[in-house]
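Residue numbers (the working numbering), protein chains in the order written: chain X, 1 to 106; chain S, 1001 to 1211.
Hints are computed from structural coordinates only; laboratory data are not their basis.
For each residue, glycine too, the CB sits at the ideal point set by N, CA and C.
It is possible that some hints are incorrect.
Output of the computed footprint for chain X on chain S, the stretches with three or more beta carbons under 8 Å from beta carbons of chain X [claimed, not checked]:
hint	region
1	1058 to 1069
2	1097 to 1103
3	1108 to 1117
Take a look, some chain S residues computed to stay more than 12 Å from chain X by CB distance [said to hold, decoys possible]:
hint	residue
4	Ser-1021
5	Glu-1127
6	Tyr-1130
7	Pro-1157
8	Leu-1170
9	Gln-1173
10	Ile-1189
11	Met-1201
12	Arg-1204
Chain residues, written in single-letter form:
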Amino acid sequence: MGATRGVGRRSVIYEVFRQEREGQAFQHGGSLEAPNFVFAKAYAREFYGRRGESFALWIVPRESVEEVREPYVADVFDRDYRRVDGYSLKAKLKEARERAGTSPAR
Amino acid sequence: MSAQELLQLADDELFLGWRNSEWTGIAPFLEEDVAFSSIAQTEIGHARAWYELAAKELGSDADSLAFDRDPDEYLCAPLVEMRMVDDWARTIARHWLYENADAIRIQVLLNSTNREVAGLAEKIDREEAYHRMHAAMWEERLRDEPKFGVAIDELWPYALGVLSEEQRPLLCQAVDRDEVQAIERGLHIEDLRPLLEEMTMVRRSVPGASW
């Protein structure tokens, strides 16, 4: 298999993001390894597109992704009022629905 | 379109699909393993569809046509009979030549006056577009490898044999090569018999069973 010996050596890792329906946010689908972008595109289509499960794909070399480590600001004082978690929209919605006597839109 | 012509198509797709599936698990790298296995699987799917059309004309069924004929009754081109594991350059050379030939054949079928044939060709062509893209990207990558060139030279007369005589000039144009004496369909090579043994093993184990 001499003709393919170079493939593994020069390959690049790509991150693939999928958009399930037009207008939706892209979500990380997974990653793949390919010798170049043309191959990456073919493999991404094979893995994330050929069953009609995606409307569009973003294929990004992992090297192009800037990773920043969190937490950026140390949480030294007890200021949990600044945090946006702990507020359950689900529970509020449920209460409101019960008051209104409707069921969730499905 | 005659049942014989349908069987030629179906046999080509079945044997090529089977041969390509021999790379499952041992392709050069994981991503390619998945992609090439998937291509093998869709080729076999196309074979099934063509066999079903042929079966209607012949009063048979797809499985019997695929598995129950005598070796001499298969109408595939020798190109698809060859066992090529573990030579990836040669496998890709066949894949690329076959996809080029198949594209020409499908183009003709798309204009068939038989609506069933034209409709099926249209569906198959949508999947073949992916096969062609895959073959083209590999050809571009291996084009300058001496081993790949040797394989193309070796397989060229076989590739011409996939097509009818009047379609061959189009293949010469598509791959930019001169026409040579084709190795015709119907003359089987030694690789066919062991392949048929393997393909029909399960079916022969319980004759008449439904799966």
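To see whether the hints hold, each was checked on the structure:
Residues of the region 1058 to 1069 of chain S lying with their CB closer than 8 Å to a CB of chain X number 0, which falls below the three-residue condition for coverage. Counting residues of the region 1097 to 1103 of chain S whose beta carbon lies closer than 8 Å to any beta carbon of chain X gives 0, which falls below the threshold of three, so the coverage claim is violated. Proximity of the region 1108 to 1117 of chain S to chain X, defined as three or more residues with a beta carbon under 8 Å from a beta carbon of that chain, is not established by the 0 residues found. Its beta-carbon lying about 15 Å from the closest one in chain X, Ser-1021 (chain S) satisfies the requirement of being farther than 12 Å from that chain.
Annotated as non-interface, Glu-1127 (chain S) brings its C-beta within 12 Å of a C-beta of chain X; the closest such distance is 9 Å. For Tyr-1130 (chain S), the condition that its CB be more than 12 Å from all CB atoms of chain X is violated, with the nearest at approximately 7 Å. For Pro-1157 (chain S), the shortest C-beta to C-beta distance to chain X comes to about 21 Å, beyond the 12 Å cut-off, and the non-interface label holds. The beta carbon of Leu-1170 (chain S) sits about 25 Å from the closest Cβ of chain X, which is more than 12 Å, so the claim that it is off the interface holds.
No Cβ of chain X comes within 12 Å of the Cβ of Gln-1173 (chain S); the nearest lies about 24 Å off, and the non-interface call holds. Even its closest Cβ contact with chain X, about 23 Å, leaves Ile-1189 (chain S) beyond 12 Å, as expected for a residue assigned away from the interface. Chain X leaves Met-1201 (chain S) outside its interface by the beta-carbon criterion, the shortest separation being 28 Å against a cut-off of 12 Å. Against chain X, the non-interface label of Arg-1204 (chain S) holds: every CB pair exceeds 12 Å, the least being about 34 Å.
Of the numbered hints stated above, those contradicted by the structure are hints 1, 2, 3, 5 and 6, listed in ascending order.
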